[in-house]
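Engineer: In case you want the letters, here they are:
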Amino acid sequence: MRISTFIYTLKQGVKNIWRNKVFSLASIATMSACIFLFGLFYAIVMNFQTIVQEVESGMAVTVFFDEGLGQEQIDEIGAQIDKRAEVSQKVFVTAEEAWEDFRVDYFYGAEDMMEGFMDDNPLAESSHYEIYMNDVSMQSSLVTYLESMEGVREVRSSAVAANTLTDFNRLIGYVSAGIILILLCVAVFLISNTVTTGITVRREEIAIMKLIGATDYFVRSPFIVEGILIGLIGAAIPLVLLYFMYSRLIVYVADKFIWLSNMLKFLPVNQVFSTLVPVSLILGVGIGFVGSRLTIRKHLKV
Amino acid sequence: MIVLENVSKSYSAGIPALNDVSLHIEEGEFVFIVGDSGSGKSTLIKLLLKELEPTEGVITINNKPLNKIRHKQIPRFRRNIGVVFQDFRLLKDRNIYENIAFAQRVIATPTKTIKRRVPMMLSMVGLAAKYKSYPAQLSGGEQQRVAIARALVNNPKILLADEPTGNLDNHNAWDIMKLLDEINQRGTTVVVVTHNLEIVKAMKKRVITMKKGVIVSDEQMGDVRIGEGYED
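These protein sequence lines are chains A and B, in that order.
Heads up, the first sequence is in the numbering used here, so the first residue is 1 and it goes up one at a time.
Heads up, the second sequence is in the numbering used here, so the first residue is 1 and it goes up one at a time.
Quick caveat, the hints were computed from the structure, so don't treat them as lab data.
Glycine residues also receive a C-beta, built at the ideal position from the N, C-alpha and C atoms.
Keep in mind that a hint or two might mislead.
Unchecked claim - In silico EDC-like links for lysine to aspartate or glutamate, alpha-carbon gap of 20 angstroms or less:
| id | chain 1 | residue 1 | chain 2 | residue 2 |
| --- | --- | --- | --- | --- |
| 1 | A | LYS11 | B | GLU98 |
| 2 | B | LYS50 | A | GLU204 |
| 3 | A | LYS11 | B | ASP93 |
| 4 | A | LYS15 | B | ASP93 |
| 5 | B | LYS201 | B | ASP169 |
| 6 | B | LYS68 | A | ASP216 |
| 7 | B | LYS46 | A | GLU205 |
| 8 | B | LYS50 | A | ASP216 |
| 9 | B | LYS92 | A | GLU204 |
To be verified - Far from chain A, by Cβ distances over 10 angstroms, these chain B residues were calculated:
| id | residue |
| --- | --- |
| 10 | VAL34 |
| 11 | THR60 |
| 12 | ILE69 |
| 13 | ALA129 |
| 14 | LYS130 |
Claimed, not checked - Here are the computed distance ranges between Cβ atoms for each label pair:
| id | chain 1 | residue 1 | chain 2 | residue 2 | range |
| --- | --- | --- | --- | --- | --- |
| 15 | B | LYS72 | A | PHE168 | 54 to 60 angstroms |
| 16 | B | THR111 | A | ARG170 | 56 to 62 angstroms |
| 17 | B | SER139 | A | VAL14 | 30 to 36 angstroms |
| 18 | B | HIS195 | A | TYR217 | 36 to 42 angstroms |
So here's chain B without its partners, still in its complex pose (with noise of 0.2 angstroms):
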């Protein structure tokens, strides 16, 4: 589902963000990438979504080598993923139900299936009784719920959220981590780029730990799982 084969990225002559990383996810599985800032883990998130272009090596997404997507085709390419942010991002002047269907709108969606697709996200995330709702009158944990609802409209294979727990207390963070668990057994990738070493511990799934730019390991918490191609 997602390769990457000796992927580097310089951003300037200095050190580079990603160094000769290698790194193979499965269609379905549930993963974390932990590493301190400046590890690369940002840059990767940026790599996967064709925000970035590697300096060397080839990302494969899908089956689809990126460097074969060209600049016309990036927005196709990106209806396959979805993403979460620590920050939500989401548009302060509609509310949620707009937002969410505000995803779909502009990847042209009839107007009959966005009436029928946007309340049955809600329902999923449990907010389907606050759909008025603009996201000032929400707490961080619900606005990052209506932040998946709006990643997960449109079906995406590929579910990125990249510190989707960062400005929430525990208890949200919990529920976020059960909601996006929940959407794997769906049948979702999710890739998660978090700080929070307690959740990732108790989630017991497969880890990649980066830093300075590579991957140092890549563990399956429980029993432990040697990536190819990762690095000490």
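Isolated chain A (complex conformation) (with noise of 0.2 angstroms):
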């Protein structure tokens, strides 16, 4: 394609836009409403999944043994464990440690009412491992294989909270593919009537361009130009709008809630937008493209 060709199609795709005002209005604002609620649940996934994954990480799964188990036998358990492909870190806790840790989480500052125990460790028969995984939703499987080993008197896990964490993120994934796929298809929709009128508008103008032998390409390319100019401004927009109130939140909740903070870290705003900004331009422009492509193929046959 000639520069010249290229420059006067770009104007053409620009002119259709600034002709069919109200309609390219209508379509840039249901593009910017979809890809904000995309970036939007963008964010907040990415954030929880964070969250999720810090959970998951402090999360341990603790196996006690039967009383009187030697160390030997509770070393062997222990290999057997780091056999397991889900467990990234065992700690082996032995009772006096157990019994020092409940000390200080339930004691401090009231340790005279410790002095009724002196030398007796009632957590004697408490030594036990704690394993940390790579992924919690393994947990359920690691539980019912540990269950079985001989030697295991009890284990404990929060099943329910990994599952919970698990299922609620999951959730928030399938809301947001749902209400963005719903969305997208608006755009799609709104997108083809825009170009529909555009091509309506310019009807006598078409049929001049074919007698004078236009090829399909050149009557066909300022329309697909509109629509990904449709879709790239409907992307540009709400990308700046986010990027804005993500860091003001950032700077809002360090400053206002800083209790918050110290449970909920969000991810930096550069880690978030280095995603999000490729991904919503292109499926702005892919939406653009599909939205003009199918139009022309119904209502323009040159």
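Hints in hand, dock the two standalone chains.
Structural biologist: Structure below.
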């Protein structure tokens, strides 16, 4: 394609948008809403995933042994646990360490209450392994395995918490995918309407072009450009908006809710937007292209 | 240059718009096609532009049978044919320079060539001074001149004019006919479909008369020329 033809096609695409201002604005607005929600859900899901990962990494399965089990047998159980792929880390806690931890947790500042225990360790049979996992969704299968091991008295896990987090994350993903899909369909429909109007307005011009000897490609290109531009503008506006909103939200939460910032750590703006920007722009351009291409196939027989 | 061999065109099961028409138009000829409404003149023009396909028969233009031209090749084929219509079909939102340049842009002519060629065409049709005017600011005759300039800017070998004087007064109609004659003198084959029998008689050119889809006469005004395959 010649540069002059490329510039001409680009100009015609912009003119098409300008000629159908109302329809173009409606398409851009819908596209913006679509990409805005996409960006919003993306940011939420990304942050939530990070929180889930953090929680998961601190979530342990605890394995207690049969009373009187020797250290050799405990080490054997440890070796078997190490072989499991889903296990990222395993810590052995002796009965003394368990009692020490308990004292710190429950009798801090009331040490005199401890005197009754003297050198007696009420948790004498509570030496155990704390097992940390790569993927918390594998917890139930690991627990089943551990319970079946010889020498294991009890396995404690927070299966409910793990499953709830995973399920909730999945739910957010599904809901957001559903809403975005509906909005994408609306956006394609509106872009298609805008391009159809453009074709109707320019019917005479198209007829002249065809008689003069314009190629199909030349006749169609401005409408494709129109769709792509609408998609691009519709994606760029919410990205700018989301960028400022997200940056401000991080600062606002850090300033006003210091207690929350200990539990909730937002991902840095650049980390979220380094993926969100290209994905959204590609999505916008893609929807614009598909919307205009479908319409041209249907309404522009050249 | 233009050859029709036993060409028929039916739109539906009824009377055919063209019925077994055969015709030869040589390179550099000036031909009038006359006939009442429904005689098949417009169908003939559409067939020549490959806007329609004949139901039967073969049309050959510049030694190329049109039925051998594939859909993708149609634009290139049409670049050899200039077309002028009764209603001018100018783009109202562009000035006349842009209207003519548009015909070159759509076939990807370099800007340098457009800048040289458009003023040349405007001079030829006598509208060089009005290049910034919009169609609405011009008279009917002037608009038709712009349409002719647009049809010729890509240097086609054939010019088809469908009722080019239909919307013009007598004076302007004559001006347009003179212009078409000049264009023909320069070597372009000109085919004019018209109702204006007064002009047709005065121009003394070849006249093909159509009625109900058939050619009823084909004569050279002055000395009668029997067209090949013409029918009573």
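Engineer: All the hints need checking, so say for each whether the structure fits it.
Structural biologist: Hints and how they fare:
1. Proposed proximity of LYS11 (chain A) and GLU98 (chain B) is supported: the alpha carbons are some 14 angstroms apart, at most 20 angstroms.
2. A C-alpha spacing of about 18 angstroms is found between LYS50 (chain B) and GLU204 (chain A), which places the hinted pair at or below 20 angstroms, so the restraint holds.
3. Distance check on the hinted pair: LYS11 (chain A) and ASP93 (chain B) sit about 15 angstroms apart at the alpha-carbon level, within 20 angstroms; holds.
4. Taken as a hint, the LYS15 (chain A) and ASP93 (chain B) pair is honoured in the structure, with Cα atoms around 12 angstroms apart against an allowance of 20 angstroms.
5. Proximity of LYS201 (chain B) to ASP169 (chain B) is assessed by CA-CA distance (about 17 angstroms); at most 20 angstroms being required, the pair is judged to hold.
6. Proposed proximity of LYS68 (chain B) and ASP216 (chain A) is supported: the alpha carbons are some 19 angstroms apart, at most 20 angstroms.
7. Pair hint LYS46 (chain B) plus GLU205 (chain A) holds up; C-alpha atoms about 18 angstroms apart against a cutoff of 20 angstroms.
8. For the proposed pair LYS50 (chain B) and ASP216 (chain A), the alpha carbon gap of about 15 angstroms is at most 20 angstroms, so the pair holds.
9. For the proposed pair LYS92 (chain B) and GLU204 (chain A), the alpha carbon gap of about 10 angstroms is at most 20 angstroms, so the pair holds.
10. In this structure VAL34 (chain B) is separated from chain A by more than 10 angstroms, as the shortest Cβ-Cβ distance comes to about 23 angstroms.
11. The Cβ of THR60 (chain B) sits about 19 angstroms from the closest Cβ of chain A, beyond the 10 angstroms cut-off, so the non-interface label holds.
12. No beta-carbon of chain A is positioned within 10 angstroms of the beta-carbon of ILE69 (chain B); the least distance is around 12 angstroms.
13. The claim that ALA129 (chain B) lies off the interface holds: its Cβ sits roughly 25 angstroms from the closest Cβ of chain A, which is beyond the 10 angstroms cut-off.
14. Consistency note on LYS130 (chain B): stated as away from chain A, and its beta-carbon is indeed over 10 angstroms from all of that chain's, at 20 angstroms minimum.
15. Between LYS72 (chain B) and PHE168 (chain A) the beta carbons are some 55 angstroms apart, a value that agrees with the proposed interval 54 to 60 angstroms.
16. At about 58 angstroms, the CB distance of THR111 (chain B) to ARG170 (chain A) agrees with the hint of 56 to 62 angstroms.
17. The supplied range of 30 to 36 angstroms is met by SER139 (chain B) and VAL14 (chain A), whose beta-carbon atoms lie about 33 angstroms from each other.
18. Checked against the given bound of 36 to 42 angstroms, the beta carbons of HIS195 (chain B) and TYR217 (chain A), roughly 38 angstroms apart, stay inside it.
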